[in-house]
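Trainee: Since the structure of chain A is provided, determine the placement of chains B, C, D and E on it from the hints.
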Amino acid sequence: MNQSQLKRNLDEELADIIAASSERDDGRLEFVLGDRTDLDDAVATLRDAGITHLITITGVDSDEQVDVLYHFLKYGEYDAGDLSEGVELTLRAIVPDDDPTIGTITDQIPAAGLYERELMDMLGVEVTGHPNPKKLLLPDDYDGGPPLRAENVEVTD
Amino acid sequence: MSIPGKLIPEALKTLGKDRATVSYPKNKRTMPDRFRGAVEFEPEPCTGCGMCERHCAADAITVETDADGNVTWSYDVAKCMFCGQCEESCPTDAIVMGQKFELADSEKPSFEESYTFDR
Amino acid sequence: MSLELDLATGLLYLLVFPGFAFLFAYGLTAEFLDRKLYARLQNRVGPPPLQPLADFLKLLSKESVVPDNATARIYNAAPLTGLAGVFTAMLYIPVWTEQAAFAFEGDLVVVLFLLSLPSFSLFFGGWYSGNVFSRIGTTRTITQLFGYEIPFFLAAFAPAVAAGSLSTSEITAFIGANPWYVLVLLPAFAIALLSLQAKLERIPFDIPEAETELATGTLVEYSGRKLALFRLTKDVELVVGAALLSALFLGGPYPAGSIEGFAGVAAGVVVFLVKTLAVIALLTVLKAVVARLRIEQMVSVFYRVLVPVALSQIAVVLLVGLYTEGLIP
Amino acid sequence: MGRIIDWARNRSPWILHLNCGSCNGCDIETLDALMPRYDIERFGILKKDTPRHADILVATGPVTKQMAPRLKRVYEQMPEPKLVIAAGSCASTGGVFHDCYNCHEGVDDVIPVDMYVPGCPTSPEALIDGIVKLLEEAGQDAQAERLAEAKPEIVEEGARIDEAVPAADESTAEIDTDDNPEEGTDEPEPVEA
Amino acid sequence: MSEQKAGTEIPVGPQHPSLKEPANFTLNVDGEVITGAEMKLSYNHRGIEQAVLGNSYIENIYLLERICGICSHAHTSAFTQGVEELLDLDVPPRARYIRTLIGELERIHSHMLWLGVAGHEIGFDTLWQYAWRDREIVMDLLEEITGNRVHYSINTIGGVREDLTDDQRETILAGMDDLQERIDFYQETVPNEQTVRMRCENVGVVPKDLAREYCAVGAVGRASGVPTDVRKDAPYAAYDDVDFDVITDDRGDLLARTVVRIGEIAQAIRIIRQVAERIPEGDLKASAKPPQALLAQVPEDDAVSRYEAPRGELIHYIRSDGTDTPARVHIRVPTLANWPTVVESLKGSYIADTPIVVAGIDPCISCTSRIGVETDGSHGGENAFDLDELREYGIDWYDERGNVERPSTAGEGRTATDGTEGERP
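Same order as they appear, the protein sequences are chains A, B, C, D and E.
The opening position of the first sequence corresponds to residue 2 in our numbering, with each subsequent residue numbered one higher.
The opening position of the second sequence corresponds to residue 94 in our numbering, with each subsequent residue numbered one higher.
The opening position of the third sequence corresponds to residue 1127 in our numbering, with each subsequent residue numbered one higher.
The opening position of the fourth sequence corresponds to residue 4 in our numbering, with each subsequent residue numbered one higher.
The opening position of the fifth sequence corresponds to residue 10 in our numbering, with each subsequent residue numbered one higher.
Hints are computed from structural coordinates only; laboratory data are not their basis.
Do not rely on the hints blindly, as some may be mistaken.
Quick look at which bits of chain B chain D covers, simulated, 3 or more residues with Cβ under 8 Å [claimed, not checked]: (1) 106 to 114; (2) 190 to 203.
In silico SDA-like cross-links for lysine to any residue, where the CA-CA straight-line distance does not exceed 25 Å [as the list claims (entries may be wrong)]: (3) B:Lys106 to C:Pro1174; (4) D:Lys51 to B:Ser116; (5) B:Lys110 to E:Thr198; (6) B:Lys110 to E:Asp193; (7) D:Lys50 to B:Pro118; (8) B:Lys121 to B:Glu195; (9) B:Lys106 to E:Pro308.
Glycine included, each C-beta is placed from N, C-alpha and C at the ideal position.
Excised from the complex, chain A in its bound form (with noise of 0.2 Å):
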């Protein structure tokens, strides 16, 4: 399956969740999210369609929102040489700077567990059902904020 023929089924099973979708000149898939409380079922859907593997999760702060994107892989798998290529595919949520919290996919898929609490600690997005929502990386008496808020970073150059 390539990514225009899984963009095709995915666009049809989210169709209700997703505001927008893109292709890239690159092959990454792109959905954002209508509204934040989706992201449970659109994680579901792509499980179901074989989406399993999570990347990573990346905050953006821009000064009014907090950009939360989920990038996803579809496993390129090959044997005995025979190979189909993996398709990257990008979830995006929204979340607005005055509430910036979103529920947790940790009870999906497992792994993202770190990347939420990095989400949390970084851009202090609340991530809702974490289960263990420790601070996690920064040091134990770090009193600033967020250190990738738009507020907190001190552009130099």
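Mentor: Below, chains B, C, D and E alone, put in the same frame as chain A:
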């Protein structure tokens, strides 16, 4: 269960081999041509453009030009990460990555060097 | 012989040869040779000859910290007990003749006991230094002690059974008189070698001090001169262990032992050095070519493999003995 | 006596390697110095795993905020006399991480440093050079100086140690060795097999 | 720190000989058996992701290179590939080949390093010495080609900075011949040495489904039978043009990982030979413009760049905002993806296995804690184990995977237990 000691022949063979150790402080090797040691600066060609400072991620190089047009180029080898970008960015070849790597010193100020010249 | 002369020779044995001075020097030399050979097996240069001495002196001159949560009295006394034990043990092991400096019927048991002392001193020192690494290290030391002592004792009793005596000197003399027993006792020698390696806590049995797991295990808190003493203990234990093995299984000073006079002593010492160094070299090669076992693997190897082998070795020795005496055809 | 001790110290500098948030570069190179190619054991250098055994602390990395207290503690755990090498540009000045929010600017922000070895990473050769220079130049003076400064503490601690064990350990060892055999020595009987 | 009350807690790190980098574990042990592991790896957190935002793309190449000294080329490659994607630059073939070459040399260097460290973890110091001695072949090559043993700094946006001369090609081929001989020796010896087998077989097992579930990558995944490899999945640099196999193994234990990694070295040698033999002539950079001019053209966009680092799939996510500094760079390192498998396989192992189990994934803590760490769990919400549950878990875990003595009933291990618990202050 096999008997441990698959390495014995190799170990005994090693005994007969020349040791792999270099006799470093006694005999110094010649560094490869591309080796990136401490930055060597030549004030003559420098135009004071400041590209080296701009491209130095470690802020090891500073270039200041005062009101009279005197350029002060200073370099702190203890900050340097020897990437060689300054050499590449320098439009006039005033900066060359040298071969010197034995830079240890107990006094921090001795790591800094600076050149002031007129442009 | 007059009493004064007796006393004088006794003191000489104690303090100079084969006692304190000799053991100190030979222990450090053995450490050097061990490290050097180990380094050469690894294709390195290794330390310079006086390295162990420099290490020892440096440690003596360093601050010796007593950690806050250590039980100071035991913590401080521990290094001495082990050292005293191994120094003493040497006096019962033949060096240049088949006769040890001091010997009596049953001294083998004393030697074996004295050789266990360093492990106990390590245990006490580590346990009371109040560090969690050293506690785990000490429990492993003791677990390991149970593992290797039985095979070691059994292996050491094989030549004793052959010689019909529990005196190290007599065993040496017996093996010297019947050199072919060296071959009969080879399995016991191998077991004793492995057990000695375990006793010395060297790879593959350096489990108690496993540096990648427990930093240096029992010795984690020790510094300065107490550490120096522990290191010296290990060195001397290595020498004494090697000497014991060479006395029990390789016939000690034979074939030089029977030569009379000064030449005999000199030749005996040379043979002693050659044999002990050979044993040490075997231990070093063993250290270089294997990976460390886990504690339970170590115990299981010793109990399941070495103990039965040692028992059958004793049976074999008995049979051989009966055969030579003509009791069985 | 002093000369003998100096000789011993210069020939037996045991190192403790501590990564304080480095990128690994200096660490693999520090370890590489132990390997056959550079084999620093030929200078009597051993890598030790506990601060209690070490003479020289080789610290790498810019020292992260979280690591700083640990670095300090490890330094304090080392017995006197002790020396510190800041290996690598990061350890010397913070290097490329000098303006990161979670980093100090080098090891000397936290503990006194006796030798800086710039390099990114410090090659094993540079490290050997650093250790040699340290022992040559800074070694004696720095040790003496620190000992003089730190005297009150050491005397205190030393006193405690000395109380627990009579001053000369060696002589005690000898006495012990003497004692034990005395009991079982009576008459060595010549026995024949 | 830990929720467990009983049992002994062993703090491991941050200064700990088995971890060449500062990580802090708290192991809860019952005698010799680990019942729980709490990890804190933030000792190495430097805040690079924030620092990146204040630097230009050019400076960031060198800053990101210093995320990790072992996979430095991986980081720069992933980053420059991402920026090239943003800029729509076509990297000339010669530069791609050189990147491949350095990447594979780095893979050998990293795997040899791992082999040595793994040897050290299981107390096999001679293997450590041999592996690192032979690694010097690669280090010398790298130093000669790039000018530094560790941070090669050969990548730049749009290509590479240094050319490969004919002499160097000869040296590389000669070096590879020497190395091939050594690798044959390791392939023959290491997995067959009995003591290595005793320590590695059935230790730290990550079965295939678990590897899938936890999204394991790289050699860990491949050793568990998950054949992922970015070099095949989404070929970058010159991997389209070279032949190589993806080494997999289905046992999932440490021995399998050792076999896989040694196999990968052999494959890397194969790739390097091909590259050295058929490297095409051509430019080194996509554009003759000075870097500053290139940076002025960065559009507002984002890119995901994947790279097969020695430890597995490395991800750089780059968001640009039209200036010469990035708006966001997110890095997902392979070690982070593999951490959960470590936590799982630690439970129920022996203390003696900790170093090798942790080392088994070839952890790169300086990579990992640039961003984050994981403590116990992330196991679908079940991480509030108490001690007994953990012990049970450990036993079950061993039972399921069979072949290994059940730890908590092992007679000798218990001796240690009782004493340790009893005397704890």
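Trainee: Now tell me if each hint is right for this structure.
Mentor: Evaluated hints:
no. : hint                  : verdict
1   : 106 to 114            : holds (count 3)
2   : 190 to 203            : holds (count 7)
3   : B:Lys106 to C:Pro1174 : 23 Å, holds
4   : D:Lys51 to B:Ser116   : 23 Å, holds
5   : B:Lys110 to E:Thr198  : 19 Å, holds
6   : B:Lys110 to E:Asp193  : 19 Å, holds
7   : D:Lys50 to B:Pro118   : 19 Å, holds
8   : B:Lys121 to B:Glu195  : 11 Å, holds
9   : B:Lys106 to E:Pro308  : 61 Å, violated
In summary, the one numbered hint that this structure violates is 9.
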